[in-house]
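Build the complex from these two chains, which are given one at a time in their own frames, with help from the hints.
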Amino acid sequence: MKKLVASILSLGILAGAASIAVAEEGHDLKAAVEHAEKALHYPVLKPKHINWSFAGPFGKYDKAQLQRGLKVYKEVCSACHSMNLVAFRTLEDLGYSEEQVKALASEYEVQDGPNGDGEMFTRKAIPSDHFPSPYPNTEAAAAANNGAAPPDFSLIAKARGVERGFPTFIFDIFTQYQESGPDYIYSLLTGYQEPPAGVEVPEGTHFNPYFIAAKSLAMPKPIEDGQVTYDDGSPQTLDQYAQDVSAFLMWAAEPHLPERKRTGFMVMVFLAIFTALIYVTKKSVYANKEH
Amino acid sequence: MSGHSSYEPSTGLEKWIDARLPLPRLMYDSFVAYPVPRNLNYAYTFGAMLSVMLIVQILTGVVLAMHYSAETTVAFNSVEKIMRDVNHGWLLRYMHANGASFFFIAVYLHIGRGLYYGSYKAPREILWILGVVIYLLMMATGFMGYVLPWGQMSFWGATVITGFFSAFPWVGEWIQQFLLGGFAVDNPTLNRFFSLHYLLPFMIAGVVVLHIWALHVTGQTNPTGVEVKTKTDTVPFTPYATLKDALGVSVFLMVYAWFIFYMPNYLGHPDNYIPANALKTPAHIVPEWYYLPFYAMLRAITFNIGPIDSKLGGVLVMFGSIIILFFLPWLDTSKVRSAVYRPWYKLFFWIFVANAIMLGWLGSRPAEGLYVVLSQLGTLYYFGFFIVIMPLLGLFETPRRIPNSITEAVLEKSGKAAASA
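Respectively, the protein sequence lines represent chains A and B.
First residue of the first sequence? That's 1 in UniProt numbering, and the numbers climb one at a time after it.
First residue of the second sequence? That's 1 in UniProt numbering, and the numbers climb one at a time after it.
For reference, chain B alone in the conformation it holds in the complex (with noise of 0.2 Å):
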């Protein structure tokens, strides 16, 4: 895709700038002349919308940072002094926590958009494993992000989830304590959390630029599946992909908009409007909506198995449910991408997304009863779709018949539509 270049400076600056650092013929390349499939459709553009939201979260994140105070005693109020007293201080708050709830249904989307299509096979593995660590350092930069205003919710989160690693034999504890900065959470943990908090987005942005890198390098998929062959399989990125994804960043931006402004507390927990009290333990701990599937099956795990206890197996599953997306590209043994013309997979995937639903309802409801029962086969789907599923459909699913070429598969389907107009 990369290669040879269009860009022809025209102005004698622009010439002289191209001899020194050709950053403008970088950017003419990759965003203006770079071709894209002609068949893209919308659910190629929640990666705009990630860069929307990264830049919206630090640029919101940056200035509240310098109204915060990441000190136990004051934390709490010094987000009240944004939201009452800093000028426009509500808006900044509720655009950062509420972006980072859109970031996360923008990260589902593009995941599922790459399992639907198979956008994780040859050659783009590297790029699906570093769309997997972007969504692991958000999920670490959300969790912490989540204990800064010092909450109820806040503190008992981070006891629950720092806990988790205090399962691990041996060197448990002494990552739980490294983590804390202590025996418990408490100051030294608030000013870590803070830092890394800080650290981690700069981090996703790097790895964000070596994940839009092999992008530009394989080349994006296509609903097809099929490989660009010709010039006539391409459009250019500027104007057909970036209005496309112009319509799609500025519809999610009205749903984000309707939830900054008209219910900015809908997606949060009421305790965390009180103050973290640590000799106070709230009803139900749950962590953001976000992370539920996984607490689900981490709470899925009730019973020991061999020299594993629970608690251990339950950590297990819960990391072993993300690290596994990092062998995706190896587990799917089907020769076909697209899940268009894999009538099978196209079943399979949407249970998935039913039972990642489904579990993550599970893991606002208390362990107990059914809830349990279900979130056990909850996790055995999620698991088996990736173990069994993946592997076996591959050798025997029967595909549907694959266009040539993309401009094949277009031509057909603008012909049907002629034909049956």
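Next comes chain A alone, as it looks inside the complex (with noise of 0.2 Å):
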């Protein structure tokens, strides 16, 4: 017991000295990986804020966008993950055409069967198929992954959200912020960087402060710039394919969401007619009796 105290107090003491000095020398981000380190408490950075098209009462998803996100997420993130949940039908609510949609689905295969023989048997994705995944199952995606399998996509943007703090968590409730998720992705996606000069990563593993449970993740940074054409003129840059690609990700963990919002403007505006009704009724009702 007594060893144990003293190798904490040791620790705590090599750790404090060593922020200090990392202070001096102005390296903050060095000193926020080592705080982070002490106290167990990840990400090392907060993310970084977009203003998403979705955002807010009146958000609604930009197709363009969304359509951009879509071919990163094809040309890149696909090679890794899949995305089971969605259906190729959906992708409608990105402006593509039924026709275009079938176009897009019998780019895929997927396994079907068994036929009359009792034999399975691959065949061209139609619209009502999901999004195959790259791999035939959950051990595999492992075993070609450092055994770890690479998370499914169909709901990464809800699933993940870095813990907001007191007090910010109560204003959210004000100003409606939702986006953590795809803020998250965002910031993953950009934030790659070598590691500040001391800091070292476990092997085969790669440095990323905004990353949520350790200061470096297995997965190397998926995407440079100039790496996916677009074809309506938008930049072709890191940051832009990561606002896009965590918007389509958002779409896709949450695809009623303008649907969504636009209710909700009707019932609220709904309600406060009501309520206002009410609230002179009752006032008229209540007018002559003392209470």
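Quick caveat, the hints were computed from the structure, so don't treat them as lab data.
From the three backbone atoms N, C-alpha and C, an ideal C-beta is built for every residue, glycine too.
The reader is advised that the hints may include incorrect statements.
Examples of chain B residues toward chain A, derived with CB under 10 Å [stated by the list, open to error]:
(1) M254
(2) Y273
(3) L392
(4) S414
Below, the structure written as structure tokens:
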């Protein structure tokens, strides 16, 4: 027990001394990494904020952006990440026609069967199929990726959220901040960098101060400037790719978001009028009654 | 309050029904002519909100159950199917998930109102105890409902909470296995939780009927705590209470709608959008926000007390914190009902509220360092409030002058308002 206390103390002193030294050198990031490591509290840096078109009470998806995001997903992410809850038919939300969706789906092969002879076979995907997984099963996915299967992307934009902390989480009720998922994905994609001098990362992992669970992650930097060609003249930069694919993943996780907010507005207007009418009625009923 | 009925059937059909099953008479006497104190404020509208929420939860829940599958390999995806493919499924599910939270918001306000105005005192002990039973049933229902989507928090929350029972000596493990239907949370657990999650709300509805029955026998309390004495003390339920309730409910619904439509996942946990995985424990397992104060008290017991180890101690404290509510009518020794006339009780009451909120916050923090110490202090105050403060205050506190009747209190207030105007 004494040994344990002593070692914890000396570790603390070391860390304290180290952070003072770093602060003197002005290496803020290194200090932040060490602080996070000491408190076991990640990410090292809070996610950056983007002005999403789908934020706020009147938010809706930018279809051109979703189409670009789909392109990034198809050409980059889908090599490792499945999206098995999303059906091709729902891509009509992105502004594609039925024919375009059919053509899009037919680019993929899916397994079907068994046929009359009891054989499984592959065929071209149709709109009612879901995005096929790049791996036959989770075990294969894990085996191909150092033992950790890449997570499915259908819900990733809702399944990741960095804690906002007090008192920000109270303000969020009034500002309707619900974009911590896409903000996180954007920050992670644009956050890869060389670790600050003196910070070691485990072998096979890549430093990223925005990663939610540690200072580095197994996935290498997945995308670079100019990697995906856009046909609508949008800048072919990492920053643009990251924004587009984050927006697309938000759509994949919450396809009915615009409908939800539109319905919400009508409900709020109705309830406001209803409440006002009840208020007036109540006032007149109580007018001659002291209470 | 009951007794003489003023219902007069006017048409032939009404008379025919009244002679056979006087249900319209019961409704008329309970919700139209029923006399309520004339000085009820908005704190007395939470009961109406709770009734609305129970109905919302049952209606949305019945439809959701038509699309949900309680089987571990498909449960998660069946919820996603509701979110994506079922017409307005997203609306039903968000209404139901946020509805649970708003049900609890309303019940906490309702319980707080009861504590403040002394609603649990004679002759309303049974009314209060039935309320605590409803609250317990709500907690069980909410817990099992959170398991159904079969996300990471569903699975691990169920594992942690059913694990509490294993702390009891001798019978603990048997109880835990009985609840789970096996040695760990798995398909049998999900099946029975779904079955019970569907059953318990109807039990709640049944106890609510008893709760309202008891209420209509003793009559409502009111902010003065003085019982109704004459007819001038009351107004008929309709239109007076009905309209006040309607206003309270519609404001409440606006806040509820704000969450459903604009921030439906704010009260949930991101990890529950990850399918349950028995091999991967989340970094922090946190229950739903409405259990957090109790979770904080559970984790506050980090020390052994004689033969009781810290685990069992924590579980006893957690269950005790709710069991103690049953004894409230006899723990409060004060003759005065309402906190309005009890200056010291009022102070301790508001500290109790602040303490409960602090415990809720602590429940969401990791159990380490200062958080543990604060949880222990909070737990001490929680129990101290019921066991020490309540019995002693009644003996030592000097209450303020109590009005002779509700009418006097009302006229005094409006007289003052008129004089100052």
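Taking the hints in turn, this is what the structure says about them:
no. : hint : in the structure
1   : M254 : 5 Å, holds
2   : Y273 : 4 Å, holds
3   : L392 : 34 Å, violated
4   : S414 : 4 Å, holds
Against the hints set out earlier in the document, a violation occurs for number 3 only.
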